[in-house]
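Q: One-letter residues, chain by chain:
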Amino acid sequence: MSQTAELLISLALVMSGLFGFVGSYGLVKLRTTMQRLHAPTKATTLGVGGVLIASMIYFYAKTGHISIHELLISLFLFLTAPITANFIAKAYMARNLRGEDLPPSGGAYGWSIYDDAPDGAPTAPPETSKAP
Amino acid sequence: MIEYALLFAALCYGVALLLDLWRIAQGPSSADRILALDTMVINVIALLVLYGIWRGTAVYFEAAMLIAMVGFVSTVAYCRFLLRGDIIE
Numbered sequence: 001m002s003q004t005a006e007l008l009i010s011l012a013l014v015m016s017g018l019f020g021f022v023g024s025y026g027l028v029k030l031r032t033t034m035q036r037l038h039a040p041t042k043a044t045t046l047g048v049g050g051v052l053i054a055s056m057i058y059f060y061a062k063t064g065h066i067s068i069h070e071l072l073i074s075l076f077l078f079l080t081a082p083i084t085a086n087f088i089a090k091a092y093m094a095r096n097l098r099g100e101d102l103p104p105s106g107g108a109y110g111w112s113i114y115d116d117a118p119d120g121a122p123t124a125p126p127e128t129s130k131a132p
Numbered sequence: 001m002i003e004y005a006l007l008f009a010a011l012c013y014g015v016a017l018l019l020d021l022w023r024i025a026q027g028p029s030s031a032d033r034i035l036a037l038d039t040m041v042i043n044v045i046a047l048l049v050l051y052g053i054w055r056g057t058a059v060y061f062e063a064a065m066l067i068a069m070v071g072f073v074s075t076v077a078y079c080r081f082l083l084r085g086d087i088i089e
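If you read the sequences in order, they're chains W and P. Under this note's numbering, the first residue of the first sequence is numbered 1, with each subsequent residue one higher. Under this note's numbering, the first residue of the second sequence is numbered 1, with each subsequent residue one higher.
Isolated chain W, as found in the complex (with noise of 0.2 Å):
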């Protein structure tokens, strides 16, 4: 294995577990669960991706192929990132905040989280809010 590669697996390697420790720290650290949101990004994106990047040049440098299992690990974690970030600031607000709190939605109903809704055409605007 070159020097070339074993310095970049090696950086990589370095960078990628700042990264994960920071977005636990920051897990820790930041004060209400809305900013603690922001934290598992981090380790999402550079940390796992600086991991599977050291991984693809060390199995490159190794056997001389190319793997794609890791840009499959990173493509499947940056897809599923938003949706989970999403639900869980939903749960969030279902179970925190009322409806009341929020800004008008704008439209002719709530809020999805608080409000189902309507089958067919806009409807009336919704009654109170089934958070339970």
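Keep in mind the hints are simulated off the structure, nothing from the lab. Quick reminder that beta carbons are idealized off the backbone N, C-alpha and C, glycines included. Among the hints, a few may not be true.
[Unchecked claim] Which chain W residues face chain P? A few, computed with CB under 10 Å, are given here:
| id | residue |
| --- | --- |
| 1 | Thr-33 |
| 2 | Arg-36 |
| 3 | Leu-52 |
| 4 | Tyr-58 |
| 5 | Thr-63 |
| 6 | Ile-66 |
| 7 | His-69 |
| 8 | Leu-77 |
| 9 | Leu-79 |
| 10 | Lys-90 |
| 11 | Met-93 |
| 12 | Leu-102 |
[Unchecked claim] Derived CB-CB ranges, DEER-like:
| id | chain 1 | residue 1 | chain 2 | residue 2 | range |
| --- | --- | --- | --- | --- | --- |
| 13 | W | Tyr-109 | P | Met-1 | 39 to 49 Å |
| 14 | P | Val-73 | W | Leu-7 | 13 to 23 Å |
| 15 | P | Trp-54 | W | Pro-104 | 40 to 50 Å |
| 16 | W | Val-28 | P | Tyr-51 | 21 to 31 Å |
| 17 | P | Glu-62 | W | Tyr-109 | 41 to 51 Å |
| 18 | P | Asp-86 | W | Glu-6 | 20 to 30 Å |
Start from chain W and add chain P according to the hints.
A: Coordinates of chain P only, in the frame set by chain W:
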């Protein structure tokens, strides 16, 4: 050089797992706990890939892929349960 970098990265992710665990134990709301669990899944994926590099085999990528999928589904299921009181309606 790679060995030391691997050790450093594994140490960072180990400490990160402990911090996530602290947030799970501490977290004021259940959304915090779900978020910490999701972060733990991501850190474990990184640890598995690191272990694969350390052993020099590509076997652990399949495990990492599986954990990524299962982690996503479980996070969505938890949030869904909090939102609707039911997972599959």
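Q: Does each hint hold? Answer for all of them.
A: Structure-based check of all given hints:
Of the supplied interface hints, the one on Thr-33 (chain W) holds, with its beta-carbon coming within about 5 Å of a beta-carbon of chain P, less than 10 Å. The beta carbon of Arg-36 (chain W) is positioned within 10 Å of a beta carbon in chain P (closest approach about 6 Å), and the interface hint is therefore held. A distance limit of 10 Å between C-beta atoms decides the matter here; for Leu-52 (chain W) the minimum to chain P is near 6 Å, and the interface restraint holds. Given the 10 Å rule on beta carbons, the hint for Tyr-58 (chain W) holds: about 5 Å separates it from the nearest Cβ of chain P.
Here the hint on Thr-63 (chain W) is kept, as its CB sits about 9 Å from the closest CB of chain P, short of 10 Å. Checking Ile-66 (chain W) against chain P: minimum C-beta separation of about 12 Å lies over 10 Å; hint violated. Restraint check, His-69 (chain W) versus chain P: the minimum CB separation of about 4 Å is within 10 Å; hint holds. The closest approach between the C-beta of Leu-77 (chain W) and any C-beta of chain P is roughly 6 Å, which is under the 10 Å cut-off, so the hint is satisfied.
Given hint, Leu-79 (chain W) at the interface with chain P, holds; its Cβ is 9 Å from that chain's nearest Cβ, closer than 10 Å. The criterion of a C-beta within 10 Å of any C-beta in chain P is met by Lys-90 (chain W), whose closest approach is roughly 6 Å, and the hint holds. With 10 Å as the threshold, the beta carbon of Met-93 (chain W) comes within range of chain P, its nearest partner Cβ sitting at about 9 Å, so the hint holds. Checking Leu-102 (chain W) against chain P by beta carbon gives a least distance of about 16 Å; that is not within 10 Å, so the hint is violated.
For Tyr-109 (chain W) and Met-1 (chain P), the Cβ-Cβ distance of about 60 Å falls outside the hinted range of 39 to 49 Å, so the restraint is violated. Take Val-73 (chain P) and Leu-7 (chain W): their Cβ atoms lie about 38 Å apart, and the range 13 to 23 Å is violated. Under the hint 40 to 50 Å, the C-beta atoms of Trp-54 (chain P) and Pro-104 (chain W), about 55 Å apart, miss the expected range. In this structure, Val-28 (chain W) and Tyr-51 (chain P) meet the distance hint of 21 to 31 Å, their C-beta atoms being roughly 25 Å apart.
Here the CB-CB span from Glu-62 (chain P) to Tyr-109 (chain W) is close to 45 Å, well matched to the stated 41 to 51 Å. With their beta carbons about 52 Å apart, Asp-86 (chain P) and Glu-6 (chain W) fall outside the hinted range of 20 to 30 Å.
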